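Novice: Residues per chain, in single letters:
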Amino acid sequence: MVSNRIDHKWGMVVDIDKCTGCQACVIACQAENNIPLNTKDTFLQKRVNEWIRIERYWEGEYPNVKARYIPVLCQHCDNAPCEPVCPMYATYHNDQGLNVQVYNRCVGTRYCINNCPYQVRFFNYWHPGWPERLENQLNPDVTVRSRGITEKCTFCVQRLRRAELKVERQSGNRLNDEALEKGNYAPACVHACPTSALTFGDQHDDGAKIRSYFDDVNAHNIHHEHERETRGYRLMEEVNTRPNVIYLKKVDQYPLGKGDGHV
Amino acid sequence: MKLTRRNFLAWAGLSAVGAVACDVFGEDRRELKVQSPVMQPEDLVKGTDNWYATLCRQCPTNEGIVVRVMEGRAKKVQGNPDYPVNLGKQAARCDAGLQSLYHPDRIAGPMKRVGPKGTGEFAPITWDQGLNDLKAALASHGDGLLLITEPVRAHSAMIADKFAKAFNGTHLGFEAFDQGVYRTAVKSVFGQDTLPDFDIGSANYLLSFGADFLSTWVSPTRWSIGYGAFRDSSNGGHRGTHVHIDPRFSMTASNADKWLPVTPGVEGHLALSIAHVIIAEGLQADGVDIDQLTSGRGAGALSDYSPERVGPMLNLHEDILHGHSGADLIKELAREFASHTPALAIGGDSSSAYSNGLFNAEAIYALNYLVGSVGRQVAFSPESPLSDLPSSANVGGLGDWAEHISDIKNGKTALVMVHNADPVYGLPESSGMGEALSSDSVFVVSFSSFIDDTAVMADLILPDRNYLEDWGSDIPEPGPGHQVIGIQQPVVNPLSELDPRSFGDVLLAIGQELGKESDLPWTSVKQALRETSDSLYDMNKGSVSGSTKDIYWNSMLRNGGWWDASSDPVTVQAPSGILNDIASRGSEAKFSGDGFYLIPFLHNTLLDGRNAHLPWAQSAPDPVTSVAWQTWVEINEKQMEGLGIREGDVVSLTSNAGRITAPAYPNPGMPPDIVGVPLGQGHKHGPDYATVGDAKDSANVIDILSAVRVDGTRSLAWASNRVQVQPTGDSVRVTKLEGEYESREIGNIIDNNPGEEIIKTTTPGEEHH
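Line by line, the protein sequences are chains A and B.
Quick note: the first sequence, position 53, residue 53 per the numbering used here, numbers continuous.
Quick note: the second sequence, position 460, residue 460 per the numbering used here, numbers continuous.
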C-alpha cells in the first residue's frame, strides 16, 4: 500500500516542432513495457500495439508538401472518458495524475477502448507469445498481459515507483527533473528521444521544465487560445478531457498556401 | 487456493468490504475510494538492477549505451548519458539490438558444411574441430586471405588488420552504401583523413543536400541531438532554418522548413552557383579569404556556375518558383545562407551517389569555407592518443570488391573469412560476389551469429559472441571534436544452450598457434584493452581517474570509455584555389537505363539489411510511409493514378541490371519522375523474421543496381539508375500503420509567432485521396 507520498502530478510536454518521426520512442517503449511483438499479421489486422506511436499527416502535395509527425500516447486525462465506463474499476485515476490500468481487474469489455478519443488503448486479442529465448528480455517490473486484457501507456509507472523508493524513501530528496534524468527514472520514450521533443516532469514542482507550459495552457481555456504565451495546446480540447500531456505547436516558417512570391 | 480470474472477482468483492474496514483505521480516504487494498501491479517493483556501460554495434556509429541487467539477463538498452557522441540518447536500432542477444535463431555453436555449397546444410561440430579446420585452412591456403568485417575501428580494427597482414591478406570493412565518396571529398576539401563532426545545434541556417541525416546518415543520433537544439528557441536562442535539397522526399526532407526537389545530379552545380553569388555579391563571412580560395580569381573562378546558367538545370516546379526564375531562387538561397550565420552545409547519400557524386560532395562542403563555419560548425576530432589504434574504418568500395572477387575467381585468394557482414546481399548481383563464394575452390569461414546470404555459403561457421557478451572498443568517427575511446564490455554471459566464442579472441588464439605472436601478442581482446587502459593511465589525462591501474581500469569500464574534452579540434587550412579545382572537375550526372530515376535509401531501422532479423527493427514503421515488414516503392500519388496503379499493386522495376517486384505506395511528396525504394528486405536466407516476405512484397533493390562507380572513387554509384515501372497485375495489402487511427489536430504557428496561427485537423493518408 502506498501512502505518505510526496504529492506529485506527472505530466509530459511534446514539442511537435522537434519531433522528427525517428521511432526511437516507439521501440524504447516496447522494450521497456513487454509489449507483444507487432508481427506482420498484426499490421494486416490493423491491431498494431504501440503505447506511443508516431502519426504522420500529409499536408499539400508535390511540390509544396509537408509531412507532419505527432507522437500520440495515453494522455492521462484528468477527466478520462475511459474511467467511468469500466464496470470493473480496472481503469482509474491515481493520486499522481496517472490514468492506471489494473490488469487483474480487467475482464475485457473494451468499453474503455471505445470511449477513448485518442485511440491509445490496446486489446490483447491473443496471448502475447514471444519465442522462448526472447522472454529473457522481458522486464520483470512490468506485468505481461494475458489474452483478453486491455493495456496502455503507464508513463512507465514502474520507473517512477523505483525512483520513489530510491530517491524519496531512501535519500529523502524530492524527485525533480534532475533526479528523474540522472537515475534513468523518466519514461523510456523520454530518455530515448534524440531531439528531446519529449519532456517529462512533475506539475507540482515549481522548478520543473514542463511547468510553464501547463500553467499557460491551464490558465487559458479553449475559448482564449490566442492569448496563450506559449505554443502549448492539448489534443481535442473541445472534449474537455484535460490531458496531462501538452503539445507544443509546430513552427512553420514557410506555411503552405501562402504564395506571397517568396521563393 | 489458486487465484483464477473467476475467483479473483470474488476476492475483489470481499476486499471492497475490507476497504471500508481499513478506512476506520485512518488510511488515506483518497487512496481507497476506487482502489481495493490488494497490491496494485504498479506497486510491484522488486529486485535489484544494475546498469552497465558498453557500446552498441547495431549501426556503424557504435553509440555508447548503458544496459540494464537483472539476474544475469539484459533487459533494456539506453543511451549512455556520459558518452560524448550520443549523450544519453539512442536510436530505435540500439533498443532493437537487444533482440539479437536473445534471438531464437542464433547459431548455437560451430557448424560445418555437409551439403553442396550454398544449400545451408550444416552439421554441428565441436570448437576443437572447428578451430582445427580453420587452422588447417589457414596453413594450407591462408596466404592472401580476405577478411571481411563490419566497419570497425580501434582494437577490433587493429586485431583484424594485423591478423590479415600476418597471412599476407587483406582486411576490409563492408557496408552496402559505403562512405567512400564522402571520405574522398573530406580529404580533398579539408585535407583530413577522418570524417568531421557538425555542430548543428549552434547553427542558424542549415543547408543539406541529399543526406538523410536525421534517419540513417553517418551519425543520426548525434545529428538529431543537434537538431533538437537547432529547433529550440526556449532559452532566448533563435530557431534555425533548415533547407533540404533532395530529389527524394525523405524523412529529413519532411522535417526541413523548405524542401527543394531538384533534378537528380545537379546538387554540385547548385552548391557552386550559391558560392558564385556569395563571392560576386561579397556576402562571405568576415575574415574569409576569397583570393586564397580562388587563387585570386574571385567569382570568375566559378563563371561556369552563374545562377543564370545553373537555374534552369535545377528543373524546379513552377509552384516552387512562383513565377520567378531558377536564378532568382539560387540568389535568394545564397543570400539567406550567407546572412544567417553560423550557417552549415552538409551533403551525402544520393547527392554523392551519382556518377558525379564526388564533384557534388566537394562543392557542397566547400560552401562552409565561405560562411566561416570550418573549425566551428565543422570540426575535426584530434587523432587518437594511441597511434596504433585506427580511428577510421577501412571500408571497401565496389572497386575493391571487384578486385577481390577476381582474386577469388582466379585462385589468388583461397580463404575468405566473414564477420558481421553480408556482402552477397549487399553488393549488386552483377558484381559476382555470390558466384565467387559459391565456388568450391574457395574456403569460406563465417563468424556470424545468424544465417544470412553470405553465411549460407560458408564451409565453416564459428559463431561469434553477441556484442553484449563480448569485449571491444571504438574510436567514434565522427568524434565529438575531442579524443574518445569507447569501451565495450560483456554485460551478460551467453545462455547455457549457446556456445559462441569471441571473434577477436579466436583470431588471437589461432594467430599465436600458427606462429604469429609477433603480430598478435595478446592472449585476448580484454588484455589488449587493458594495455590501452594502462597506457592511458600513464598519460594521466582525460575523463578517467584512479589511484592505481586497477582502479583506473574499473573506472573506465564504469564510464563506458575514456575521453579528453580538453583536447582541441584539428585546425583546418583551406587548400589554395580549392574552388577553382572543384569547379574544374564539374560534370553532369550520367544515368543508365531510362524511365524513372531510382533512388534507393537505407531503411530507418533495418539500414542496409543488417537488422532485418530483429522483430523490433522490422516492426518500427517507416517515418514517412509508416510501412513495416515490407519493401515498398514510393511513387508520386498522381503519377500512380495516371499509370493506373493503386496502393499495394505489385509493380516491377526494371533497370539495365535486373528486375524486382514490390508493392507501390502513393507518396504525395514524391516528384513525378522519381521512385524511392528502401533497402533492408529481400533476404534469401536467414531467420524467419528476416525472410518473412515473399517475392511480391520483399525485394532487395541492390540486385537491380548497375555496378557503376562514382567518377574518381571506388564506390558504387547507387543513385545512377533509371527504371521502368510496370504493374504486374498482382496486389498485396501494404502493412502500414497509416489509416489505423482517426485524425488529430496538428497545431501550426507561423514563424514562431503565437499570434498568427493555424490549427489544422489534417487527415491521415487514407482519406487524403
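Simulated from the structure, these hints should not be mistaken for lab results.
For clarity, every value in this text was computed on a predicted model and none was experimentally measured.
Some hints could be false.
[Said to hold, decoys possible] Pairwise CB distance ranges (calculated):
#1 P117/A to S592/B: 49 to 57 Å
#2 K590/B to E229/A: 54 to 62 Å
#3 P131/A to G729/B: 30 to 38 Å
[Stated by the list, open to error] Here are the simulated DSS-like pairs of lysine-lysine, each with C-alpha atoms no more than 27 Å apart in a straight line:
#4 K46/A to K696/B
#5 K182/A to K541/B
#6 K40/A to K684/B
#7 K696/B to K40/A
#8 K46/A to K638/B
Quick reminder that beta carbons are idealized off the backbone N, C-alpha and C, glycines included.
Novice: Now tell me, hint by hint, if it's right for this structure.
Specialist: Quick rundown of the hints versus the structure:
| no. | hint | verdict |
| --- | --- | --- |
| 1 | P117/A to S592/B: 49 to 57 Å | 52 Å, holds |
| 2 | K590/B to E229/A: 54 to 62 Å | 55 Å, holds |
| 3 | P131/A to G729/B: 30 to 38 Å | 36 Å, holds |
| 4 | K46/A to K696/B | 20 Å, holds |
| 5 | K182/A to K541/B | 25 Å, holds |
| 6 | K40/A to K684/B | 18 Å, holds |
| 7 | K696/B to K40/A | 14 Å, holds |
| 8 | K46/A to K638/B | 26 Å, holds |
When each numbered hint is compared with the structure, no violation occurs for any of them.
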